Each structure stands twice: as structure tokens, then as C-alpha cells.
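**Student:** These are the residues of each chain, in order.
There are 2 protein chains.
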Amino acid sequence: MTDRVYTACLLIIGNEILSGRTQDANLPYLAKRLNELGIRLKEARVVADDEAAIVEAVNETRALYDYVFTTGGIGPTHDDITSGSVAKAFGTALERNAEAVRRLERHYPPGGLNEARLRMAEVPVGATLIDNPVSTAPGFRIGNVFVLAGVPRIMQAMFEGIAPGLVGGKPVMTRSVSCTLGEGVLAKGLGEIQARHQQVDIGSYPYYRVGGFGVSLVARGTDAGELAAVVDEIAALVTGLGATPQFDQTG
Amino acid sequence: MTDRVYTACLLIIGNEILSGRTQDANLPYLAKRLNELGIRLKEARVVADDEAAIVEAVNETRALYDYVFTTGGIGPTHDDITSGSVAKAFGTALERNAEAVRRLERHYPPGGLNEARLRMAEVPVGATLIDNPVSTAPGFRIGNVFVLAGVPRIMQAMFEGIAPGLVGGKPVMTRSVSCTLGEGVLAKGLGEIQARHQQVDIGSYPYYRVGGFGVSLVARGTDAGELAAVVDEIAALVTGLGATPQFDQTG
Numbered sequence: 015m016t017d018r019v020y021t022a023c024l025l026i027i028g029n030e031i032l033s034g035r036t037q038d039a040n041l042p043y044l045a046k047r048l049n050e051l052g053i054r055l056k057e058a059r060v061v062a063d064d065e066a067a068i069v070e071a072v073n074e075t076r077a078l079y080d081y082v083f084t085t086g087g088i089g090p091t092h093d094d095i096t097s098g099s100v101a102k103a104f105g106t107a108l109e110r111n112a113e114a115v116r117r118l119e120r121h122y123p124p125g126g127l128n129e130a131r132l133r134m135a136e137v138p139v140g141a142t143l144i145d146n147p148v149s150t151a152p153g154f155r156i157g158n159v160f161v162l163a164g165v166p167r168i169m170q171a172m173f174e175g176i177a178p179g180l181v182g183g184k185p186v187m188t189r190s191v192s193c194t195l196g197e198g199v200l201a202k203g204l205g206e207i208q209a210r211h212q213q214v215d216i217g218s219y220p221y222y223r224v225g226g227f228g229v230s231l232v233a234r235g236t237d238a239g240e241l242a243a244v245v246d247e248i249a250a251l252v253t254g255l256g257a258t259p260q261f262d263q264t265g
Numbered sequence: 015m016t017d018r019v020y021t022a023c024l025l026i027i028g029n030e031i032l033s034g035r036t037q038d039a040n041l042p043y044l045a046k047r048l049n050e051l052g053i054r055l056k057e058a059r060v061v062a063d064d065e066a067a068i069v070e071a072v073n074e075t076r077a078l079y080d081y082v083f084t085t086g087g088i089g090p091t092h093d094d095i096t097s098g099s100v101a102k103a104f105g106t107a108l109e110r111n112a113e114a115v116r117r118l119e120r121h122y123p124p125g126g127l128n129e130a131r132l133r134m135a136e137v138p139v140g141a142t143l144i145d146n147p148v149s150t151a152p153g154f155r156i157g158n159v160f161v162l163a164g165v166p167r168i169m170q171a172m173f174e175g176i177a178p179g180l181v182g183g184k185p186v187m188t189r190s191v192s193c194t195l196g197e198g199v200l201a202k203g204l205g206e207i208q209a210r211h212q213q214v215d216i217g218s219y220p221y222y223r224v225g226g227f228g229v230s231l232v233a234r235g236t237d238a239g240e241l242a243a244v245v246d247e248i249a250a251l252v253t254g255l256g257a258t259p260q261f262d263q264t265g
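Protein chains in written order, with this note's numbering: chain H, 15 to 265; chain B, 15 to 265.
By construction, these hints were calculated from the structure, which means they are not laboratory data. Possibly wrong hints are sitting among the right ones.
Note that identical chains are pooled: a pair holds if it fits in a single copy or bridges any two copies.
Simulated pairs of lysine to aspartate or glutamate, EDC-like, Cα-Cα distance not exceeding 20 Å [unchecked claim]: (1) K202 - D246; (2) K202 - E136; (3) K202 - E119.
Every value quoted in this text rests on a predicted model; they were computed, and no experiment measured them.
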């Protein structure tokens, strides 16, 4: 466990997200799990099913972050172009992986493994398979890029298989306090608390709900003691401004 | 109405999205509305509350797309750094906008417009205000970049105010057909339909629900006649494979 900060980027690949048809559900899951593993999700991009766009996003982000995860585009249909695009980004070719073919042969009934499904056994030269315990067709890793399925249930199962092998730093913990004050009333004092605690990331998130408005003040960091100090200072700020701090269970 | 394709990118700015705390709800809304306006959302990025990251994302994307929309980070607290970062991306400074100050003065009770809230009246030199009919503090436009609030209700109200002024091409329409066949069974025929209709974008999206699995086949395009032809061909493919096509209302 070192103080080094490990970083990640998520590439959400798929026209169905960019058209508004499908709401991505993978980012929140990965963000929370990566935080627990001491890896910070620093950026995410939603990329179209377009080879040039995927190649550029993969190459730009794999140079910037420790880990790049992609979701989507590894199925058997014409719009599933992630594997070939990642191969191209790495300057390599797709090859039919013998182990992946064996797994697919066991999965489908006799005669079911047609040419389209065999495409799901193609991975870039030099890649290693990522197990898919839900529907068999594997993902893969090449370099620091992890290519996962888009369907959340499959993505999560793939991720949990690789999670024990991911190297991270100190887990990022979250504490939060909410109150019914306006952000503008809290801003000055909150900025002062942030200035005193540079290692903690303090966010202010207004909400509007049935029953009124308010603000959640969220502190994130790797040091439990400093997080507790920040929460105490925020609570004192809220109390000093005449309101009642609510201590939330999670951020 | 021309055949020119208008493009957009969305920059979702905020650590709360990257930590998994908050699920973005602005992308699906904007994607659908932009499609109706004949503007295609080609990319989205989730960017941290980090000046360098915002500057780079703004400058990279405003050169690539007709429109860039940002959401989040224009409130009164220390972590609201979108306006200053956008100013920096354009090589200009923030200035206190007199009209924005007047609006905020009318909005808050006497004495309520403190220094923190006055920050919400600061926009880059050369920017024009975007009205906020929900909570007053405006967004702004500079060049082809539109800076909107992150709270969905406010973002939507701001967007609807500017929507009539956005120039787009032909609206993108969606038709979809679902069935209970596996993607791998459909892939070959679907790819052939896609090859015959290059102006239509055909997506294949498997789903797993209570009651079974299936696949939604979604066609998007600007020509109603060609979309109808594609839907007919997909339905014939499904029927020919022994299943029953379900015609969905929307994509």
C-alpha cells in the first residue's frame, strides 16, 4: 500500500448511449468499485460505434491513465467493432483465440456456433482473455486496456473476475453531511475548510426534492482521521449558520 | 433544411459523477432533444472538477464539433470552476456581468447576494447569458460552447430557452423491432440489411428481463421512407428465422 495515486478512465462505447436510448449503468458501478480498490476514475468518455473514434479514444487515454476500461461493442453483430478497433489502436491484428473458441463450443448447442458468434472469439494478438461467467463470450486485456461487455450484469461479473488482480493505492472513502442551507450561504466557510484540508476533496451538491431543497456536502479522501476532522468542521459550520447537520451513511 | 450533419459533444463536469455518487441524467435528455433538432450527439465526456482537464476537454471538443454543451460546476462554491476554466480555454478572463448581477439582486432577499453568490454573475469576456428560469443564476454561451447548470431541472429549462436558436439539419428518427432470437442468429442477415442501407444506422441491443431474453433492433436515420424499408426488412428477417417481430413505439 503506497501513497501513489492510481488512475483509470472508462470508455463507454455505443451509439445507444449517445442516442439517449439506453442509460449507462456501468460508470457508477465501476467508479465505486475502483474507489474501493484505491483506483480513481478520473475521466469517462462515451464513444460512438466508429472505428476512428474508438482508436483515438483508446490511444489518448491509455497513455494518460494507469487503467482504461471499455464497455460495449464485443457482441456478434455488425455494430460490435470494439475488439477490432482496440487491436488497431495497438497496431496489431485480431486473431481467433483457441481457448475462446473452445468455451463458445461448449456454450452453444451443436451447430449454434456460427460465423457471427465465432467473431466473439477474436481478440487482438497479445491479448489475454477475461472470463465471462454469465454468457461465456470473453472480454480481454491488452496492455493497460480492459475490454468488457456492455450489458451491466455481464460487465460486473467480468470486472469482479479481474478485480483481485488490479493494483491500487489506498481506498478512497466518502463521508457526507447534508443540511437545508443554500449553497451560497455555506460557500465561504466551506471554501475555508477545503483550503485547510488539501488532501480531502470536498464537493457541494444541491438537491431539490419533495419536501424542500438542501445541499449535500461530500468529503472524499484516503485518511479516515482527516475525513472525520473535515466532517466535524462542516458540521460546526452548518450549526454556526443556524441549521442542523444530517450525517449521511454514504456519499 | 440541408443535408449537412450537425454534431455536438457533451461535457459532463463534476467529481460527483466520476465518484459514482450521482448518476448523470442530462445526457439522455440532451441526446433526444438534439436528435429532434437535427443535431447528433457524437461524443460525451465526464470531466473532473479540475481546471486543466476542463480546459483541455473544451478546447479539444470545440474544434471537433459544431456545438459543445457543458453541464455542472457553475454554482457558488469552491468546487464550481467551470466558468473560469471555460474562460481560460478561450484565452479570456472572467468579468462580472451587470445584467447577471441585476437578476441575482432581484432573486435574493436584501443582504442575500453575498460574494459567493456574486461569483455566479461572472462569465467570460465576450460571452452572452443563457436564461435560468428556475433559480436565476445564468449559464452562458461563448463561441460554440454552451455552459449549462448540472441540476437536471435547471439544465433542461436553460436548454429549452436556447433550443429555438440552435441550427440543425434533418431530425434523426428512430424505429425499432424486438424479438426473442439471439443476436448471433440474427447477425448475418442484419449485417446484410445494414450493408444495403448505409444511410441508416442499425443497432442491435440484447436485453435480459424477467420473462426472458431478447434483442432490440434499432434503426436511426433522417429518411422516413428508408427507415420504414429497413424495419420491413428486419421484420422479414425475424419472421424468416421463425420468430415474431414486435414493433416498438420508440427506439
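**Student:** With reference to the structure, classify each hint as holding or not holding.
**Tutor:** Going through the hints against the structure:
1. With identical chains, the CA atoms of K202 and D246 are at most 20 Å apart within one copy only, with a shortest distance of 17 Å there and 62 Å across copies.
2. Proximity of K202 to E136 under the C-alpha cut-off of 20 Å is restricted to the inter-copy arrangement: shortest distance 17 Å between copies versus 56 Å within a copy.
3. When the C-alpha separation of K202 and E119 is checked against a cutoff of 20 Å, the pair qualifies only between copies, where the shortest distance is 19 Å, while the shortest distance within a copy is 63 Å.
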